Amino acid sequence: MVPIHAFLLLAVILFGIGAFGVLISRNIIVMFMSVELMLNAANMVLIAFSRALGIVDGHVFVFLVLSVAAAEAAVGLAMIITIYRNRETINIDRYNLLKW
Amino acid sequence: MADYLFWIPLLPLIGFLINGLLLGKLPRPVVSAVACTSVGASFVLSLLAFFDLKALDPAARQVEQVLFTWIAAGTFHVDVAFLLDPLSAVMILVVTGVGFLIHVYSTGYMHHDKDFGRYFAYLNLFTFSMLTLVLANNFLLMFVGWEGVGLCSYLLIGFWYHKKSASDAGKKAFIVNRIGDFGFLLGMFIIFWQIGSLEFTEVMAKAPVMFAAGGGLITAACLLMFLGATGKSAQIPLYVWLPDAMEGPTPVSALIHAATMVTAGVYMIARSNVLYLMAPDALMVVAIVGAATAFFAATIGLAQNDIKRVLAYSTVSQLGYMFLACGVAAFTAGIFHLMTHAFFKALLFLASGSVIHAMSNEQDMRKMGNLRKYLPITYWTMLLATLAISGIPGFSGFFSKDEILWKSFSSQYGHWALWLMGFVTAGLTAFYMFRLIYMTFHGKERMDSHTRSHLHESPRSMTVPLMALAVLSVIGGFVGMPHIFGVANLFEGWLAPVMHSKGHEAAAHALASAGGDAGMEWGLMAASVALVLIAIFAARHFYNKKPEAATALADKMTGLKTTLANKYYVDEIYGALVVRPLVNGSLFLWKVIDVVIIDGFINGLAVIGRDASELLRFVQGGRVRNYATVFVAGVIVLVAYFIFG
Numbered sequence: 013m014v015p016i017h018a019f020l021l022l023a024v025i026l027f028g029i030g031a032f033g034v035l036i037s038r039n040i041i042v043m044f045m046s047v048e049l050m051l052n053a054a055n056m057v058l059i060a061f062s063r064a065l066g067i068v069d070g071h072v073f074v075f076l077v078l079s080v081a082a083a084e085a086a087v088g089l090a091m092i093i094t095i096y097r098n099r100e101t102i103n104i105d106r107y108n109l110l111k112w
Numbered sequence: 003m004a005d006y007l008f009w010i011p012l013l014p015l016i017g018f019l020i021n022g023l024l025l026g027k028l029p030r031p032v033v034s035a036v037a038c039t040s041v042g043a044s045f046v047l048s049l050l051a052f053f054d055l056k057a058l059d060p061a062a063r064q065v066e067q068v069l070f071t072w073i074a075a076g077t078f079h080v081d082v083a084f085l086l087d088p089l090s091a092v093m094i095l096v097v098t099g100v101g102f103l104i105h106v107y108s109t110g111y112m113h114h115d116k117d118f119g120r121y122f123a124y125l126n127l128f129t130f131s132m133l134t135l136v137l138a139n140n141f142l143l144m145f146v147g148w149e150g151v152g153l154c155s156y157l158l159i160g161f162w163y164h165k166k167s168a169s170d171a172g173k174k175a176f177i178v179n180r181i182g183d184f185g186f187l188l189g190m191f192i193i194f195w196q197i198g199s200l201e202f203t204e205v206m207a208k209a210p211v212m213f214a215a216g217g218g219l220i221t222a223a224c225l226l227m228f229l230g231a232t233g234k235s236a237q238i239p240l241y242v243w244l245p246d247a248m249e250g251p252t253p254v255s256a257l258i259h260a261a262t263m264v265t266a267g268v269y270m271i272a273r274s275n276v277l278y279l280m281a282p283d284a285l286m287v288v289a290i291v292g293a294a295t296a297f298f299a300a301t302i303g304l305a306q307n308d309i310k311r312v313l314a315y316s317t318v319s320q321l322g323y324m325f326l327a328c329g330v331a332a333f334t335a336g337i338f339h340l341m342t343h344a345f346f347k348a349l350l351f352l353a354s355g356s357v358i359h360a361m362s363n364e365q366d367m368r369k370m371g372n373l374r375k376y377l378p379i380t381y382w383t384m385l386l387a388t389l390a391i392s393g394i395p396g397f398s399g400f401f402s403k404d405e406i407l408w409k410s411f412s413s414q415y416g417h418w419a420l421w422l423m424g425f426v427t428a429g430l431t432a433f434y435m436f437r438l439i440y441m442t443f444h445g446k447e448r449m450d451s452h453t454r455s456h457l458h459e460s461p462r463s464m465t466v467p468l469m470a471l472a473v474l475s476v477i478g479g480f481v482g483m484p485h486i487f488g489v490a491n492l493f494e495g496w497l498a499p500v501m502h503s504k505g506h507e508a509a510a511h512a513l514a515s516a517g518g519d520a521g522m523e524w525g526l527m528a529a530s531v532a533l534v535l536i537a538i539f540a541a542r543h544f545y546n547k548k549p550e551a552a553t554a555l556a557d558k559m560t561g562l563k564t565t566l567a568n569k570y571y572v573d574e575i576y577g578a579l580v581v582r583p584l585v586n587g588s589l590f591l592w593k594v595i596d597v598v599i600i601d602g603f604i605n606g607l608a609v610i611g612r613d614a615s616e617l618l619r620f621v622q623g624g625r626v627r628n629y630a631t632v633f634v635a636g637v638i639v640l641v642a643y644f645i646f647g
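Going down the list, the protein sequences come from chains S and A. Position one of the first sequence corresponds to residue 13 (the numbering used here), numbered consecutively onward. Position one of the second sequence corresponds to residue 3 (the numbering used here), numbered consecutively onward.
In case anyone wonders, no lab produced these hints; they're calculated from the structure. In this text the structure is predicted, and so the values were computed from the model without any measurement. Among the hints, erroneous ones may be present.
[Unchecked claim] For lysine to any residue, the following SDA-like pairs were computed, each having C-alpha atoms within a straight-line distance of at most 25 Å: (1) S:Lys111 / A:Ala614; (2) S:Lys111 / A:Leu153; (3) S:Lys111 / A:Asn363; (4) S:Lys111 / A:Gln622.
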């Protein structure tokens, strides 16, 4: 049986990659993908503990998170398309209208 | 009788409310009807009250009507209540009677004015305030009327507010009066502090017990109240507002600045005669100020060329006579002169208004002359009033002025120097009044042809009040003839219950009845009549027969003439000593203390906040990745804190 710390380590690595991706990426699509990665790292932790402790609550949470993430992805992508139509770019650094 | 007393002041108030609330909505005839009827009805009620009062026993002639409690705080209790006694009966008759005639006159005089309704609303409000002043049964309600007439005076002086000089004159009158009012208030505080009541009857009854006669407190209270009187009644040092008040419409000058409001100070002192008799020092101050004002204002009146300004200084001078009378404890004589002066001075002002009306608003006497041809009624009525004010025997002013002169000589508070000042003033009065008559109505016509073609006698609404007042000016004096004429002095007898100086009066009578003093009184009377006649002939010589002699004389005394024409530079001196320091001090408080220090502190705080925000706003750079970086850094710090902290 795979020990729990292996799952946790994987989750931490995934989360770190996601956070790093959000911070350094200029492409808004990549950034969006990185956010999804961080979300799934959290799901991984929930699943790992659920399995280790032998209770299903974690699974329930994960389903919930997945469905919310699906909705969020739909809304997010719609927004990105709208912004793209206006700015004609997906470079996040050009989305800088909201400043002083 | 007590049940209808409150209608006397209430009716003009109703008139004010109707004309004031429906301002600009009522046609002119309705406005004049409302205004005149309310005051006229009030006059009828006053007559009724007078005769009802007369029917009572002299000792019982004191009727109070308490309407409601105004202030009740601990031991401090003030009612809104009216007091009718011989003194207030005389006052309400003068106020409503002369007031009614002036209202009627105004309907003609103000006929062309676009603010007809506003004028009559103010006039009715004034009548209400003045009646409250004279009918009040306590000092505080009297003060309400006192302030009310001050307000109306301000409103009516500045009636033509688009003229800067008029609005300035209104402000001057109001501010100068505030100085006096502050004295009146302080005097009232002393009375309440010592006696615990402000009701006239109670104060007069308790004053001899609560105050030490001639003591510092009573003297201070009387002097402070006299300060109030100098403001309202235009005495030295606060007389400066009255000549400027001539900027108002002429009937206003007649009503407020000759017949009624300016006499409020005299009324107040006569009303408090018990207090003043207990403070001989204060009486002396009143007498000296009165005599000095009478003389001083009369000299200024000699050199004025504006017809209304001559009358204004004449008013100040005549008010000085009244205070001289009060100061020598001849309060009855003071009120008597108040009444006769109300008749003839109101007439003089109204007649001058008729002249100004005919002359298309020209007030300079140097541009008049020979107007008797065009304005016969105005001429004759004004001449009668001039004879009255000069003190020609038989006219009302003779009796009242002679009474004052004799009392200032013979009273135990009197002095020959006071008499002398009054005596010389009588001569000056006759001179400047006949100068006015000769310059205005006699001699060469000096107006331009355009004005001359418009000359016309005033309408009936104006001449009838003139004639009514002329009758009063002639016969008004017979109610108070001197004792040496061998007839009872009705006026003195009427006021006797209010004047608590019975002992003093009796002493004066004893003196007067002694043979030598009767001779003395005849002698003084003859002297003053002779002086008046000489003054009249001098005026005739200089201003009618040989105008060039007047010019020659004036050229010889240029210094004196310019000093007089410039009113002794009193306005300039006050300007330099009082007004400019005040203005500069206020400017300092405004420009430095307020704008720089207080506003600077508050605005400085705001500027600091704004500049700090200026710097901080650059944190919001619009770069999403920067926000995310800060966000992640924050999370890391928090997590580290919870794990290791």
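If you draw a straight line from the CA of Lys111 (chain S) to the CA of Ala614 (chain A), is it 25 Å or shorter? 17 Å, holds
*25 Å Cα cutoff - pair Lys111 (chain S), Leu153 (chain A)*: Judged against 25 Å, a Cα distance of about 60 Å means the pair is violated.
**Asked** Can the restraint linking Lys111 (chain S) and Gln622 (chain A) be considered satisfied, given a maximum Cα separation of 25 Å?
**Response** Given that 25 Å is the threshold and the Cα spacing comes to 5 Å, the pair holds.
- Starting from Lys111 (chain S), check that the Cα of Asn363 (chain A) is at most 25 Å away, please. 71 Å, violated
When the structure is compared with the earlier hints, violations turn up for hints 2, 3 and for no others.
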